[in-house]
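Let the hints inform the model, and build the full structure from the sequences given.
Number of protein chains: 4
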Amino acid sequence: MMENNKLQHYALTDVAQLKVHGRTTESRSPLTLFWTGSAVELNVTGTELWIEVDSKYDVYEPWISVLINDVVVSRQMLVHGRYWVCIFRGMNESVTKNVRIVKDTQAMSGDPGCALQINALKSDGAFQLVEDRPYKVEFIGDSITSGEGAIGAQAEEDWIPMWFSAIQNYTAMTAEALHADYRVISQSGWGVMTSWDNNPNANIPQYYDQVCGLLTGEMNEALGAHNPQDFNAWQPDVVVVNLGSNDGGAFQTPEWIDPNTGVTYKQRLNADGTYHEEDVAKFEQAAYQFLIQLRKNNTKAHIVWAYGMLGFPMMPAIYRAVDTYMKETGDRNVSVIQLPNTTSETVGARTHPGMLSHKRAAETLTEHLKGILHHS
Amino acid sequence: MMENNKLQHYALTDVAQLKVHGRTTESRSPLTLFWTGSAVELNVTGTELWIEVDSKYDVYEPWISVLINDVVVSRQMLVHGRYWVCIFRGMNESVTKNVRIVKDTQAMSGDPGCALQINALKSDGAFQLVEDRPYKVEFIGDSITSGEGAIGAQAEEDWIPMWFSAIQNYTAMTAEALHADYRVISQSGWGVMTSWDNNPNANIPQYYDQVCGLLTGEMNEALGAHNPQDFNAWQPDVVVVNLGSNDGGAFQTPEWIDPNTGVTYKQRLNADGTYHEEDVAKFEQAAYQFLIQLRKNNTKAHIVWAYGMLGFPMMPAIYRAVDTYMKETGDRNVSVIQLPNTTSETVGARTHPGMLSHKRAAETLTEHLKGILHHS
Amino acid sequence: MMENNKLQHYALTDVAQLKVHGRTTESRSPLTLFWTGSAVELNVTGTELWIEVDSKYDVYEPWISVLINDVVVSRQMLVHGRYWVCIFRGMNESVTKNVRIVKDTQAMSGDPGCALQINALKSDGAFQLVEDRPYKVEFIGDSITSGEGAIGAQAEEDWIPMWFSAIQNYTAMTAEALHADYRVISQSGWGVMTSWDNNPNANIPQYYDQVCGLLTGEMNEALGAHNPQDFNAWQPDVVVVNLGSNDGGAFQTPEWIDPNTGVTYKQRLNADGTYHEEDVAKFEQAAYQFLIQLRKNNTKAHIVWAYGMLGFPMMPAIYRAVDTYMKETGDRNVSVIQLPNTTSETVGARTHPGMLSHKRAAETLTEHLKGILHHS
Amino acid sequence: MMENNKLQHYALTDVAQLKVHGRTTESRSPLTLFWTGSAVELNVTGTELWIEVDSKYDVYEPWISVLINDVVVSRQMLVHGRYWVCIFRGMNESVTKNVRIVKDTQAMSGDPGCALQINALKSDGAFQLVEDRPYKVEFIGDSITSGEGAIGAQAEEDWIPMWFSAIQNYTAMTAEALHADYRVISQSGWGVMTSWDNNPNANIPQYYDQVCGLLTGEMNEALGAHNPQDFNAWQPDVVVVNLGSNDGGAFQTPEWIDPNTGVTYKQRLNADGTYHEEDVAKFEQAAYQFLIQLRKNNTKAHIVWAYGMLGFPMMPAIYRAVDTYMKETGDRNVSVIQLPNTTSETVGARTHPGMLSHKRAAETLTEHLKGILHHS
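Chains as they are written, first to last, in this note's numbering: chain X, 1 to 376; chain C, 1 to 376; chain E, 1 to 376; chain V, 1 to 376.
Hints listed in this document are in silico derivations from the structure and should not be mistaken for laboratory results.
By construction, the Cβ of each residue, glycine as well, lies at the ideal position given by its N, Cα and C atoms.
Where hints are given, some of them may not hold.
[Stated by the list, open to error] Computed spacing ranges between beta-carbons, pair by pair: (1) G330(V) / S94(E): 55 to 63 Å; (2) S94(C) / N232(E): 55 to 63 Å; (3) R268(E) / E176(V): 42 to 50 Å; (4) N98(V) / T351(E): 51 to 59 Å; (5) V79(C) / Q293(X): 42 to 50 Å; (6) E328(E) / D70(C): 50 to 58 Å; (7) N232(E) / H9(V): 48 to 56 Å; (8) K327(C) / G311(V): 17 to 25 Å; (9) Q154(X) / Y10(E): 28 to 36 Å.
What follows is the structure, encoded as structure tokens:
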């Protein structure tokens, strides 16, 4: 191989032009990409670019996608270790390339050993400023928003990182259509109040105020995952909440018993298959409280509860929670929208929304948000 | 990371069930994947699979795509060296996975140092037979068939492996639609008679009878690239010839001067912009001879000349060549079909056919071939 | 012209096999088609078929579409008068043709002189039974459901029958996808409580219990438009209510003054542009009452409130109304679904949903109803 | 009905702004629309427009489509007789409407009694100039170009006018995409040399120099159908020849015996199913002669032979004929293009191309013609 002797080594702190997407700490040596859709973005000249990654995990390995000039050219598993990944080589040195390296897999609450870090860059080019896009959008959700099943054959049933995609995902598609920078806060199986299996600890609001509070283990704590999130540093124009699917699921699944306390948790069904009124009320209360919490931290954002990609049994309760919130607070900058349900034609792996379902959801959501952003 | 202690190491020669796609030599230790679309295919149980690759090049690095159960889950550059690539991990050990690892980049006649080899496998599963598909198709072509520009932004202009795709390619799409095993013989810039720039050495027929004769350098010779192709071992049902675009281009480009002999080569235009009759006749003669050569080596195949994805100025000459061939030989098992021209909506990188153009070509070609295969 | 001497004249009462779609009276001599989507359907052999229509109007002429074997072959204005319309001629006499003649225009509350009647048939064939489809669906709505603007250029602004279509309409598309017989009750500009311009008399519930009670004038009364509807004769499996768009519009338009009483009606906006709470409550009450009324008359039907094709500002109120209804009655056989909003790409004439918007709405609604019908 | 007392009666000769599409004679009192796609076009203000038609036939009735501002609003059979057809009513009188009334059915060589004439107009508006479109295109073809089967269910088998469409037709679609005025010369079953059943009199070239020479009977002769065509009055930029499908069919069908002379005609197959060389040569000669004839009459037009919508077995012969023509005449303004073959998904009634097949053909042809028109 012809060696490229012109490559220069850069610590991330050397590259002021580096743009980081997604919630993280102040640290850049190294930079931790916690959430799905988190990314580094560069405008760079030169013939060649490498990044040094550090991929750690006990169970669930991280994956990344690489976009050159907005086109995905590579998607790969990052096996354990610290090593260099070549992003491009052999290109015209005088032309500026826009490069995004995107984390394709969610923060893994189930794997305390999992972390993806970026240490350094190598290139023979020069770095240039990446402009902010006109809007900022934050997406909050569950497996749907994590892109679980958005890639892979319909027959796939394993719960593994390979079937997660941040790209074939309504979040990325909506952000692109809106010309928006965006962030994602999401966890498969979690809800506003409980997980799909009635675990009351598996809810997003509880950790929303931290950088990535749902991560566990000493390593992640040391990386700052539990630090308070600095909301002032990035105030979104829109917050999309796509939660409720697992809260709905909890009505259909067995009780969850807290292994520490022995206390039992269960969202109950009535004999006729409808939801028990008291338990739905608890969900509504949780949703209401989450809206309060979101508004506290995102003062100017339009908050839209976008729900329905895997059915919409919680929609009445969501509407009631939003009604109550708006009436009690006088806050009018909130809306609810139903996203297109997934069908046999649009389903992906693991009976989750496939790429086509994400595409339709993005179209619906984009249209809704355009109306709001262009009037505000 | 939790180590997987059950992984077993396999030389390729240990795995009788391994299916190899694409022309290559008998060697399996290692196996060389010469052409784009060449692949190894496995049916395998177990939780985890790795392959050991050996990627060599002076200039143009190989890329691969990985398909699990017919869905592309990964595409990556293979940087220089011999190392293990993890194909999957964490899967249900008792379920059989169909895995294809496909070479995404063409044989590189311009880089004598370029070779992609597969040395070994590691898995904790068992290998199972991969059935032959009902049909066999061979595709012969130029940059179109090599998938140049089938991936990447329209603005891309660099001639680099990153913009080549064996997957977003009418070859793979047609083979999938026909349920066919397939092979590809292709080279960017080359023709039936000359390259796009009048080089008479850059033609496919000259090397067709060798395994991968257009490769240069001692290494490739040692790997058996110049060995005679064993046609008996794989007799296609269909041979698709997608050549002529560069032969047409040669009329529009400057003369080529042989650096060794000083002899000049040029397909001439008349003053009115039409093709010089003598030079078109040379092309026709080359096309005629190639048909003779194809039939000699592929006795039962339907041969279809499929042309037109980047315009179709050579179509009259192709029809004349095929006419002459059919008349002189009495061989009726030949046809000509025009593929859909690439438009501003379907163009990809480097002003070559994009994914949409490949898709339309595949639809047209598939329909044509279904008619032929179902009647033969 | 060669005369067809074999044509026989049939009063509709002679043709027991005639299937009538849409609410109407018992009369068949003549038969009145009141609503859009109302139709006569025939299975008939023979070479030729004519129907005798009687088209009356002061202002708004009726239009019909003709479907042969489920394909629209003709659409035409019916100018004033009683005359024969040829449906087909020259066909193979021994083959059975399925024929539907569909009223393309809504009941015209603004034109007391408007009526479309069918008097008789002529054919040289024999009539055969038309089987009922497996499901029955009733659609209740406004201009959207009347197909206003579903045909015609986007530039069209005239309020004329030509721009109404019962065929390029989510009602027909949904019914076809579900293999359902269907009926439509709809009126442009009307709502659950008031019209778009605050007229409290222009609401569907007020007339729902009559055959076609919103028609005015002595002629229509004599035709039985004000007769009580015989609900027992046709009990739907699904009732789709697509109302609310005009009730929402009433908040944005000037007050309506009753010309007889001088009383003023107005759904009020608050200073901040939100809906006045008391007035929204009135709408909710009207929606609630309509659900009571619908259930009284349609005992077994799933009732779905399907709303959103021209925005969805009333959705919270609709959800509240349905919540209250379900809670107070214990009736669980009700749902709410948001239909895809109309976009610049899917808009039709008169800034109403175009064919593409109707198509998307039908896909969403069909998917929802399949889930319900296959579980009930 | 409220009478419109402002309607004024106009002979066609009174309306200088009337634009006539399609070959016809000089007569405007009445105007005869001979060919499919022939039309009258008007720009008109006013609330209302009527045309007086005179529809004559022994067997095959004419159909028309009405377009308002480029959208089809009506399609109807014209039963026998002379009567007024209302085109629109109730429109805004001050707005200009573009109106086209298009003959949907071909000239009927099999029905000497068939003629469609337009006698007069009635309107309360004013007529305005219709600008010529930037290009002129002439289409010459057979049943494909006549739109046979482009409307109707796939099960339809009757040969009747109802299944013909000038609108769901690649001719209209291509013309619209190119912004071209256009004419159609076409006849179901006919070819360059013979009909599908070997009748040597059923060929287009024989009648090409007359206005509509293939019509028979005294009436049509009196209407000027056999008059020489005045080519100077309308010189196209492009002539599209879509012939060959029936010439190909003649090889597969029984001989035709001239009832007058007893002479037998048959395009022969060889024992191996290939075409007899002498008979193909006759076809080539006929195609060659037709090109000579077309060029004589259309001096500046690009002539494109566009073939393949129902298979393309004659393509080699067409290429040979065009080759010979170009070589012998030096005329370079000629091309050949293969149109997309009809598939099980795009087929229409009577196993002819359906709307989707016409759409694809139009896309291919439009792309080809844009390249030519923008370079000439």
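Hints, verified against the model:
no.: 1; hint: G330(V) / S94(E): 55 to 63 Å; verdict: holds, 58 Å
no.: 2; hint: S94(C) / N232(E): 55 to 63 Å; verdict: holds, 58 Å
no.: 3; hint: R268(E) / E176(V): 42 to 50 Å; verdict: holds, 49 Å
no.: 4; hint: N98(V) / T351(E): 51 to 59 Å; verdict: violated, 20 Å
no.: 5; hint: V79(C) / Q293(X): 42 to 50 Å; verdict: holds, 46 Å
no.: 6; hint: E328(E) / D70(C): 50 to 58 Å; verdict: holds, 53 Å
no.: 7; hint: N232(E) / H9(V): 48 to 56 Å; verdict: holds, 54 Å
no.: 8; hint: K327(C) / G311(V): 17 to 25 Å; verdict: holds, 21 Å
no.: 9; hint: Q154(X) / Y10(E): 28 to 36 Å; verdict: violated, 54 Å
Hint violations for this structure: numbers 4, 9, all remaining hints satisfied.
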